[in-house]
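Heads up: the protein sequence lines correspond to chains G and C, in order.
Sequential numbering of the first sequence, starting at 1, is according to this note's numbering.
Sequential numbering of the second sequence, starting at 1001, is according to this note's numbering.
Just so you know, the hints here were simulated from the structure itself, not pulled from any lab data.
Backbone N, C-alpha and C fix where the C-beta goes; we use that ideal spot for every residue, glycine too.
Take the hints with a grain of salt, since some may be wrong.
Listed next, the in silico DSS-like pairs over lysine-lysine satisfying Cα-Cα at most 25 angstroms (straight line) [to be verified]:
hint	chain 1	residue 1	chain 2	residue 2
1	G	Lys55	G	Lys66
2	G	Lys20	G	Lys64
3	C	Lys1098	G	Lys20
4	C	Lys1098	C	Lys1003
5	C	Lys1098	C	Lys1017
6	G	Lys14	C	Lys1056
7	G	Lys66	C	Lys1068
8	G	Lys55	C	Lys1056
9	C	Lys1098	G	Lys64
10	G	Lys55	G	Lys14
11	C	Lys1017	G	Lys64
12	G	Lys41	G	Lys20
13	C	Lys1041	G	Lys41
14	G	Lys14	G	Lys64
15	C	Lys1068	C	Lys1056
16	C	Lys1056	G	Lys20
17	G	Lys41	G	Lys66
18	C	Lys1003	G	Lys41
19	C	Lys1003	C	Lys1056
20	C	Lys1017	C	Lys1068
21	C	Lys1056	C	Lys1017
22	C	Lys1098	G	Lys41
23	C	Lys1098	C	Lys1068
24	G	Lys20	G	Lys66
Beta-carbon label-pair distances, calculated as ranges [said to hold, decoys possible]:
hint	chain 1	residue 1	chain 2	residue 2	range
25	C	Lys1003	G	Val62	28 to 38 angstroms
26	C	Lys1068	G	Lys64	49 to 59 angstroms
27	C	Tyr1022	G	Pro40	41 to 51 angstroms
28	C	Val1055	G	Ala2	37 to 47 angstroms
29	C	Thr1077	G	Pro86	40 to 50 angstroms
30	G	Gly99	C	Phe1010	19 to 29 angstroms
31	C	Thr1020	G	Asn70	36 to 46 angstroms
32	G	Leu74	C	Glu1001	22 to 32 angstroms
33	C	Gln1014	G	Ser15	41 to 51 angstroms
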Amino acid sequence: GAVVSQHPSWVICKSGTSVKIECRSLDFQATTMFWYRQFPKQSLMLMATSNEGSKATYEQGVEKDKFLINHASLTLSTLTVTSAHPEDSSFYICSAGEGVNTEAFFGQGTRLTVV
Amino acid sequence: ELKVEQNPLFLSMQEGKNYTIYCNYSTTSDRLYWYRQDPGKSLESLFVLLSNGAVKQEGRLMASLDTKARLSTLHITAAVHDLSATYFCAVDMSGAQKLVFGQGTRLTINP
């Protein structure tokens, strides 16, 4: 199957700083990527849809000014958590597919800890 | 709004036993996924079910989809300890890989 790679796998940052997470499709082009968040012992919740060359679409309750998404190329989407706080500590996972009606593939996830 | 509900949420079973995890969803969809997640890891794709009546099997796991009942099942046969994990079902809302996940079923298999 297609490969989606995330970087970094884990990051620890100080409260108030910003953190950037990258999501790359390694062997296919993805006009759309998705960002999910998973708190401990909970399910995955969709945060936003990243659209290549246009603005991301955020789910209800997700602050677009806090979670900045950039999808500048067909193989890379980035999620920047701005002014991070301890409550932003979570597991962030991206996904992408090769096109409509194809399977979604997930990255390895990024464990963010804000101290 | 699409809702996906799994049950049970927690399951502790003995090795060698059989059990089924259920996944109900609230609106029409023709694409349903089952994933496995180990602690601290991302999702491992188990099955993609694309049509009514679809049945797929891999080892001790078998998944099925009934789109009319909006129900999918994940059946575990003769469980072994290595199958201990959290299992998620997820429904693709529009064929565009935008997924809504169930709550997850935490499966513990005891020797």
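A quick look at each hint next to the structure:
1. Lys55/G x Lys66/G: holds, 14 angstroms
2. Lys20/G x Lys64/G: holds, 14 angstroms
3. Lys1098/C x Lys20/G: With Cα atoms ~22 angstroms apart, Lys1098/C and Lys20/G stay inside 25 angstroms; holds.
4. Lys1098/C x Lys1003/C: holds, 13 angstroms
5. Lys1098/C x Lys1017/C: violated, 34 angstroms
6. Lys14/G x Lys1056/C: The hint is violated at about 46 angstroms.
7. Lys66/G x Lys1068/C: violated, 41 angstroms
8. Lys55/G x Lys1056/C: violated, 38 angstroms
9. Lys1098/C x Lys64/G: holds, 18 angstroms
10. Lys55/G x Lys14/G: Roughly 28 angstroms separates the two Cα atoms, so the pair is violated.
11. Lys1017/C x Lys64/G: violated, 47 angstroms
12. Lys41/G x Lys20/G: holds, 24 angstroms
13. Lys1041/C x Lys41/G: The hint holds at about 12 angstroms.
14. Lys14/G x Lys64/G: OK: Lys14/G and Lys64/G at ~21 angstroms, within 25 angstroms.
15. Lys1068/C x Lys1056/C: holds, 18 angstroms
16. Lys1056/C x Lys20/G: The given pair, whose Cα atoms are some 38 angstroms apart, is violated under the 25 angstroms limit.
17. Lys41/G x Lys66/G: Holds - the C-alpha atoms of Lys66/G and Lys41/G are around 24 angstroms apart, at most 25 angstroms.
18. Lys1003/C x Lys41/G: holds, 19 angstroms
19. Lys1003/C x Lys1056/C: holds, 23 angstroms
20. Lys1017/C x Lys1068/C: violated, 29 angstroms
21. Lys1056/C x Lys1017/C: Within the cut-off at roughly 20 angstroms; holds.
22. Lys1098/C x Lys41/G: The given pair, whose Cα atoms are some 22 angstroms apart, holds under the 25 angstroms limit.
23. Lys1098/C x Lys1068/C: Holds - the C-alpha atoms of Lys1068/C and Lys1098/C are around 21 angstroms apart, at most 25 angstroms.
24. Lys20/G x Lys66/G: Judged against 25 angstroms, a Cα distance of about 12 angstroms means the pair holds.
25. Lys1003/C x Val62/G: 28 to 38 angstroms: At roughly 18 angstroms between Cβ atoms, Val62/G and Lys1003/C fall outside 28 to 38 angstroms, so the hint is violated.
26. Lys1068/C x Lys64/G: 49 to 59 angstroms: Check failed, 38 angstroms falls outside 49 to 59 angstroms.
27. Tyr1022/C x Pro40/G: 41 to 51 angstroms: violated, 24 angstroms
28. Val1055/C x Ala2/G: 37 to 47 angstroms: violated, 25 angstroms
29. Thr1077/C x Pro86/G: 40 to 50 angstroms: holds, 43 angstroms
30. Gly99/G x Phe1010/C: 19 to 29 angstroms: violated, 37 angstroms
31. Thr1020/C x Asn70/G: 36 to 46 angstroms: Taking Cβ atoms as reference, Thr1020/C and Asn70/G lie about 43 angstroms apart, which means the hint holds.
32. Leu74/G x Glu1001/C: 22 to 32 angstroms: Between Leu74/G and Glu1001/C, where Cβ atoms are some 31 angstroms apart, the hint holds.
33. Gln1014/C x Ser15/G: 41 to 51 angstroms: holds, 46 angstroms
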